[in-house]
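A.B. asks: Quick note, the sequences are listed as chains A and B, same order.
Quick note on the numbering used here: the first sequence kicks off at 1 and runs consecutively.
Quick note on the numbering used here: the second sequence kicks off at 1 and runs consecutively.
These are calculated hints, taken from the structure and not from any lab test.
Hints should not be assumed to be uniformly reliable.
Ranges between beta-carbon positions, derived for each pair [unchecked claim]:
#1 R252(A) to A275(B): 36 to 42 angstroms
#2 T340(A) to E47(B): 40 to 46 angstroms
#3 T340(A) to D296(B): 36 to 42 angstroms
#4 G178(A) to N107(B): 55 to 61 angstroms
#5 R252(A) to D296(B): 54 to 60 angstroms
#6 S96(B) to Q299(A): 40 to 46 angstroms
In silico DMTMM-like links for lysine to aspartate or glutamate, alpha-carbon gap of 20 angstroms or less [as the list claims (entries may be wrong)]:
#7 K82(A) to E49(A)
#8 K161(A) to D226(B)
#9 K323(B) to E307(B)
#10 K33(B) to E47(B)
#11 K191(A) to E29(B)
#12 K191(A) to D226(B)
#13 K195(B) to D226(B)
#14 K323(B) to D222(B)
#15 K343(A) to D222(B)
#16 K195(B) to D55(B)
#17 K161(A) to E245(B)
#18 K323(B) to E245(B)
#19 K195(B) to D349(A)
#20 K191(A) to E280(B)
#21 K195(B) to E223(A)
#22 K191(A) to D165(B)
#23 K161(A) to D274(A)
#24 K161(A) to E280(B)
#25 K161(A) to E315(B)
#26 K244(B) to E353(A)
#27 K244(B) to E33(A)
#28 K244(B) to D349(A)
#29 K195(B) to D274(A)
#30 K289(A) to E33(A)
#31 K343(A) to E29(B)
#32 K289(A) to E313(A)
Chain A regions said to be covered by chain B (calculated; three or more residues, Cβ under 8 angstroms) [what the hints assert, rightly or not]:
#33 262 to 275
#34 278 to 286
#35 302 to 316
Just so it is clear, CB atoms sit at the ideal spot from N, CA and C, and this is done for glycine as well.
Listed here are the chains, written in short residue letters.
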Amino acid sequence: MAVTEPSAKAKSGADSDASPAALGADLGLSGDELLEMYRLVALARAVDERMWILNRAGRIPFVISGQGHEGAQVGITWALEKGKDWIAPFYRSIATCLTFGMSPRDIMTAQYATASDPSSGGRQMPGHYGSHEHNLVSVSSPVATQLLHAVGLALAAKIRKTGQVALTIMGEGSSNQGDVHEGLNFAAIHKLPFIFIVENNGYAISVPLARQVAGESVANRAEGYGIPGVTVDGSDVLACYAAARDAVARARAGDGPTLIEAKVTRLTGHSSDDQQTKYRSEEELTSEKSLDPVPKFRQQLVDAGVLTPDAEERIDAAIKESVHDATEYAEAQPDPHPSTAMKWVYAEDWPSETPPPWGLGEATGDPAGAAEAAEAIDESAH
Amino acid sequence: MALKTFIEAIRDGLREEMTRDENVIILGEDVGKKGGVFLVTDGLWDEFGDDRVIDTPLTESQIIGTSIGAAIGGLRPVAEIQFADFIHPAFNQLVSEAARLRYRSNNGYSAPMVVRAPYGGGVHGALYHSQSVEAFYTHVPGLKVVIPSTPSDAKGLLRSCIRDDDPVLFFEHKKMYRSVRGNVPDGEYTVPLGKAQVTHPGTQVTVIAYGLMAHYALEAADRVADDGISVEVVDLRTLRPLDKETVLDSVRKTGKCLVVYEDNRFGGYGAEVAAIVAEEAFDYLDGPVTRIAGPDVPGVPYNHVLEDWFMVNPEKIADGIRKLAAY
């Protein structure tokens with residue numbers, strides 16, 4: 001497996017002639033930071049794989065996945081300041097959310113739609129993550145709407161002089177929406193501290209790039225707005241970090257937005273309700289596996305002597321424990337009660353906003369036996 | 001007290017809130033140096049500068065979507081949509097995003113913002129400069145919808161909207177901007193959201209209206225007084241959350257209810273009011289709940305004869321009152 005593409009190598013500065021210990025040094029990344037980035041990439045994959053097992057085992061009705069996108073997500077998110085900057089993510093942003101502070105429990109309770117799910121309290125479908133605590137804007141289902149929210153956050157940051165950067169992410173299919181044009185135009189006019197990430201996996205559900213994007217490059221569109229458009233190998237974690245780091249520096253310096261198109265692969269169907277073999281060939285699916293960021297980053301770190309057998313064992317064990325814990329925790333969490341279903345339509349309750357004739361009901365959730373089920377699933381996953 | 005036009009009261013409300021809170025910003029088309037096509041924001045760009053009075057491109061979805069993000073980021077945006085007719089490209093941002101943000105995040109997020117837009121006909125605006133769009137938004141839980149009818153209410157309600165923690169649509173009837181004058185209290189008063197007002201007490205028929213129709217309802221009440229009919233006029237002021245109590249109290253007293261709105265009759269906001277009255281005050285009713293509303297054509301026609309035919313006016317309301325009173 002190739003360690004890096006030549007073009008990406010130049011961007012990441014991962015020079016094969018340099019001593020292995022120097023990996024990431026030119027980017028200011030320490031060995032510990034590289035290991036933490038690897039942990040997040042691998043953790044996101046492990047959480048994601050667990051979600052599919054739970055779905056196939058009938059425990060959760062729906063999965064939408066980030067497999068194949070994790071390298072780009074961790075590399076890019078790493079360039080932002082946690083707890084300060086803003087991200088308006090999308091439904092594949094599991095690694096983004098984990099990197100920005102959400103926990104595997106936070107992700108897993110969203111799959112089970114528990115009352116304690118911090119994204120929505122069980123109100124939204126899985127994949128619609130969000131956390132005010134971690135500056136991750138709540139995800140909705142209409143695509144690309146979030147770009148304008150990030151632009152608004154960048155406007156607020158500029159006016160209030162907070163020094164924050166706002167970043168949004170979506171797929172290349174979503175990037176065709178009108179909101180993208182309207183938002184990029186506005187952000188560029190006002191030189192807002194805004195970064196637009198397109199995770200281009202080549203498919204909008206079933207429609208391939210050639211049928212979605214004229215010219216087959218989203219990054220090229222940046223030129224029309226007078227902003228830089230960067231294309232980066234999305235399976236190269238450090239190249240993604242480097243591109244995002246440059247964009248953050250531009251944004252903080254008041255030089256305006258950047259568009260980064262990260263070329264990734266979608267290793268799963270669009271969702272658990274999609275069968276991608278209907279529109280993608282076996283050959284294509286096999287060859288796309290070479291773009292998987294997880295083994296690629298791992299090999300890069302092993303070759304550089306950063307990921308030692310000891311370190312890998314420690315990280316793997318911690319991930320396994322973390323996924324086990326998140327699953328068990330989420331399985332045991334209660335459903336939201338209908339008595340809460342009319343809360344938070346508005347900030348306050350209004351007497352004229354009345355419950356339906358059937359009232360606010362009784363809880364129907366039955367967490368009995370949940371812990372045993374979690375145990376069984378956990379076993380099957382090992 | 002000072003005598004002000006409707007538009008002056010709105011402008012004063014904006015200026016005073018911007019002075020009070022530096023997080024209040026205005027964004028919209030032509031709102032800057034020009035002061036808006038109706039001059040609602042006239043002078044505010046001079047006073048508050050580029051950062052706080054922002055001329056946007058012709059991008060309604062962006063105006064609303066950016067306002068949502070800015071609100072999350074700590075600002076209090078007051079977005080202007082140049083004509084309510086042009087708000088439709090922002091429907092997704094309003095309905096899918098602003099309205100649902102608090103609910104879908106289980107109170108993790110909210111979008112405290114105001115969307116102002118001139119609405120309504122009777123000004124030779126034809127199909128695309130005359131629309132009443134309130135029903136699209138009153139239908140949506142999570143949005144508040146306010147339509148003031150007096151300068152005093154406009155200023156006091158606008159203050160409340162800007163200070164409110166949820167998204168509010170604030171529709172201003174454009175025919176009233178310079179034709180309606182009224183006394184506006186001095187000082188930093190507010191008018192609470194969700195409170196209707198009885199603007200004309202009466203005993204025999206309740207007329208429920210808002211915006212320009214609240215004025216026409218008062219005129220109609222005067223006309224039928226000559227016929228010996230006593231009308232109570234309720235000006236809703238806030239359409240959602242609706243002040244059901246004031247509406248139902250009045251109908252329980254008079255036993256008859258006429259709902260007036262300028263929008264197309266079918267599925268209009270007044271239809272919901274009529275349904276609530278029918279469901280919750282049935283035992284008190286002494287006649288059918290009836291409506292006087294705009295005809296069901298896709299827009300207000302331009303030609304003045306056709307426009308006059310379309311528009312609800314005091315005489316059409318008075319006829320409706322007479323018929324209901326005689327029931």
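A.B. asks: Does each hint fit the structure? Answer for all of them.
C.D. replies: Verification of the hints:
no., hint, in the structure
1, R252(A) to A275(B): 36 to 42 angstroms, "54 angstroms, violated"
2, T340(A) to E47(B): 40 to 46 angstroms, "45 angstroms, holds"
3, T340(A) to D296(B): 36 to 42 angstroms, "40 angstroms, holds"
4, G178(A) to N107(B): 55 to 61 angstroms, "30 angstroms, violated"
5, R252(A) to D296(B): 54 to 60 angstroms, "55 angstroms, holds"
6, S96(B) to Q299(A): 40 to 46 angstroms, "42 angstroms, holds"
7, K82(A) to E49(A), "26 angstroms, violated"
8, K161(A) to D226(B), "63 angstroms, violated"
9, K323(B) to E307(B), "24 angstroms, violated"
10, K33(B) to E47(B), "11 angstroms, holds"
11, K191(A) to E29(B), "19 angstroms, holds"
12, K191(A) to D226(B), "64 angstroms, violated"
13, K195(B) to D226(B), "30 angstroms, violated"
14, K323(B) to D222(B), "16 angstroms, holds"
15, K343(A) to D222(B), "44 angstroms, violated"
16, K195(B) to D55(B), "33 angstroms, violated"
17, K161(A) to E245(B), "46 angstroms, violated"
18, K323(B) to E245(B), "26 angstroms, violated"
19, K195(B) to D349(A), "14 angstroms, holds"
20, K191(A) to E280(B), "55 angstroms, violated"
21, K195(B) to E223(A), "51 angstroms, violated"
22, K191(A) to D165(B), "29 angstroms, violated"
23, K161(A) to D274(A), "45 angstroms, violated"
24, K161(A) to E280(B), "52 angstroms, violated"
25, K161(A) to E315(B), "56 angstroms, violated"
26, K244(B) to E353(A), "10 angstroms, holds"
27, K244(B) to E33(A), "59 angstroms, violated"
28, K244(B) to D349(A), "14 angstroms, holds"
29, K195(B) to D274(A), "50 angstroms, violated"
30, K289(A) to E33(A), "26 angstroms, violated"
31, K343(A) to E29(B), "36 angstroms, violated"
32, K289(A) to E313(A), "24 angstroms, violated"
33, 262 to 275, "violated (count 0)"
34, 278 to 286, "violated (count 0)"
35, 302 to 316, "violated (count 0)"
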